[in-house]
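There are 2 protein chains.
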Amino acid sequence: MAGGVRPARRRLSVDRRREELMAAALELFGRRDAEHVSIDDVASEAGASRALVYHYFGGKQELYVAALRSAAAQLEARLGPRGTGTPLDELAGGLTRYFDFVEEHAAGFAALLRGGPAHRGGEVGQVVDSVRHRLLRMIMKQMRVEEPGPALRVALRSWIASVETAGLDWLERRDIERPALERMLIGQLTALLGVAAGHDARVGELLDGLIRDQASRPADQERPGADG
Amino acid sequence: MAGGVRPARRRLSVDRRREELMAAALELFGRRDAEHVSIDDVASEAGASRALVYHYFGGKQELYVAALRSAAAQLEARLGPRGTGTPLDELAGGLTRYFDFVEEHAAGFAALLRGGPAHRGGEVGQVVDSVRHRLLRMIMKQMRVEEPGPALRVALRSWIASVETAGLDWLERRDIERPALERMLIGQLTALLGVAAGHDARVGELLDGLIRDQASRPADQERPGADG
Numbered sequence: 141m142a143g144g145v146r147p148a149r150r151r152l153s154v155d156r157r158r159e160e161l162m163a164a165a166l167e168l169f170g171r172r173d174a175e176h177v178s179i180d181d182v183a184s185e186a187g188a189s190r191a192l193v194y195h196y197f198g199g200k201q202e203l204y205v206a207a208l209r210s211a212a213a214q215l216e217a218r219l220g221p222r223g224t225g226t227p228l229d230e231l232a233g234g235l236t237r238y239f240d241f242v243e244e245h246a247a248g249f250a251a252l253l254r255g256g257p258a259h260r261g262g263e264v265g266q267v268v269d270s271v272r273h274r275l276l277r278m279i280m281k282q283m284r285v286e287e288p289g290p291a292l293r294v295a296l297r298s299w300i301a302s303v304e305t306a307g308l309d310w311l312e313r314r315d316i317e318r319p320a321l322e323r324m325l326i327g328q329l330t331a332l333l334g335v336a337a338g339h340d341a342r343v344g345e346l347l348d349g350l351i352r353d354q355a356s357r358p359a360d361q362e363r364p365g366a367d368g
Numbered sequence: 141m142a143g144g145v146r147p148a149r150r151r152l153s154v155d156r157r158r159e160e161l162m163a164a165a166l167e168l169f170g171r172r173d174a175e176h177v178s179i180d181d182v183a184s185e186a187g188a189s190r191a192l193v194y195h196y197f198g199g200k201q202e203l204y205v206a207a208l209r210s211a212a213a214q215l216e217a218r219l220g221p222r223g224t225g226t227p228l229d230e231l232a233g234g235l236t237r238y239f240d241f242v243e244e245h246a247a248g249f250a251a252l253l254r255g256g257p258a259h260r261g262g263e264v265g266q267v268v269d270s271v272r273h274r275l276l277r278m279i280m281k282q283m284r285v286e287e288p289g290p291a292l293r294v295a296l297r298s299w300i301a302s303v304e305t306a307g308l309d310w311l312e313r314r315d316i317e318r319p320a321l322e323r324m325l326i327g328q329l330t331a332l333l334g335v336a337a338g339h340d341a342r343v344g345e346l347l348d349g350l351i352r353d354q355a356s357r358p359a360d361q362e363r364p365g366a367d368g
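Those protein sequence lines, which keep their order, are chains R and X. Going by our numbering, the first sequence opens with residue 141, and the numbers climb by one from there. Going by our numbering, the second sequence opens with residue 141, and the numbers climb by one from there.
Extracted from the complex, chain R is given alone in its bound form (with noise of 0.2 Å):
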């Protein structure tokens, strides 16, 4: 939606304007750190007026957070399962999608959890933390776990942190293939459900499952990023 050359005046709704500006908003918080996005950027990105961006968020913080509200539901439709694989290699798929958005949101995300800029009220914390959650849910649902004791949930958070925590190692250094990185963060996962099973048979029986899932799909179905 951003970058192309539109005319200023276009009569859009306001629904479709508003996603207009927030979407060139994304665009710019994606490339450079919002500290130095203005607001007169973002106009001129949505090919929009200063007052007319003032207007929809009233200023460069609401604009902020109301991007980055829209950029996590973004994240979670993109993550939902495709209901084609087993779990594992659901996973796989829903962590490649993960860093394809880390790619794309490059700035913003490591803006983002790095601490980030100028953040007020704790929306923005918020905003992270939720996101968090409803992937845990995502994860759980995925592995038709209902309600994780505590060695799971432990080991589930952990590894949406080490998931976080590689997306900005890689955009920082880029030092190791995406792939093997994908490859490396699912081995992580099945690790850290065996260390829980440690404390908590039940994550046993959950890892058993997932592991003979994975060997008896059939072979056409094998795919780089559920081994390792």
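Hints were generated in silico from the structure; no laboratory data involved. Warning: the hint list may mix true and false statements.
Identical copies look the same in the list; a pair holds intra-copy or inter-copy alike.
With a straight-line Cα cutoff of 25 Å, these simulated SDA-like cross-link-like pairs (lysine to any residue) come out [unchecked claim]:
#1 Lys200 / Asp180
#2 Lys200 / Arg172
#3 Lys200 / Leu253
#4 Lys200 / Ser189
Assemble the complex: chain R is given as a structure, and chain X must be docked to it using the hints.
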């Protein structure tokens, strides 16, 4: 230092006075979210005037950042190796002291790592980042690693993220005993190294060495934090 009744106008050197104000602030930030701590609260906790707090720190944000830096320095001082055990035992001991710190600074730790309140200009993020960086160096030193390859670096950064997350989870839920959680985290470390070993043979050698050291220590040095 904080909590006691003090004469309001004790004569103290500038450094000492500043430290006392910071200790009072840390005590309050540890108990309540920084958003709900006022300059007046800090002044009253330290037996000082509001004007004095402004004189030393300029405002609440500066006081918050200064207190955070002081907490980071305290944490790092605590985590240094004691030089008496195997690397894994030293790490287990460091982990116990990390969780002591988490307990003492509960509210501040949670607010900080959840994204927290009103950050400014990325200073808070920088403090958090530099703590993570120095913890990484500390762990590598403990393991006698000079410069890690990508797989080891990712594994150790993942583990640090995992420890932070487990700390947050524990403050929120407390449905797992701390010693069990700490054992699980040491188990996670060796498991993550095991995964990294699949991507870099040097990590495998490192892990073998850690396990060998562990197996050959005298029996009377055994401690519960180091296995599992």
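Here is what the structure says about each hint:
1. Taking identical chains as interchangeable, the C-alpha atoms of Lys200 and Asp180 lie at most 25 Å apart only when both belong to the same chain, with a minimum of 10 Å there against 31 Å between chains.
2. In this homomeric assembly, Lys200 and Arg172 come within 25 Å of each other (Cα to Cα) only inside a single copy, at 14 Å, whereas the closest approach across copies is 29 Å.
3. Taking the closest pair of Cα atoms, Lys200 and Leu253 come within 25 Å of each other both inside a single copy (19 Å) and across two copies (24 Å).
4. For the identical chains of this complex, Lys200 and Ser189 are intra-copy neighbours only, at 14 Å inside a copy versus 36 Å across copies, given an alpha-carbon limit of 25 Å.
Violated hints: none; the structure is consistent with every hint.
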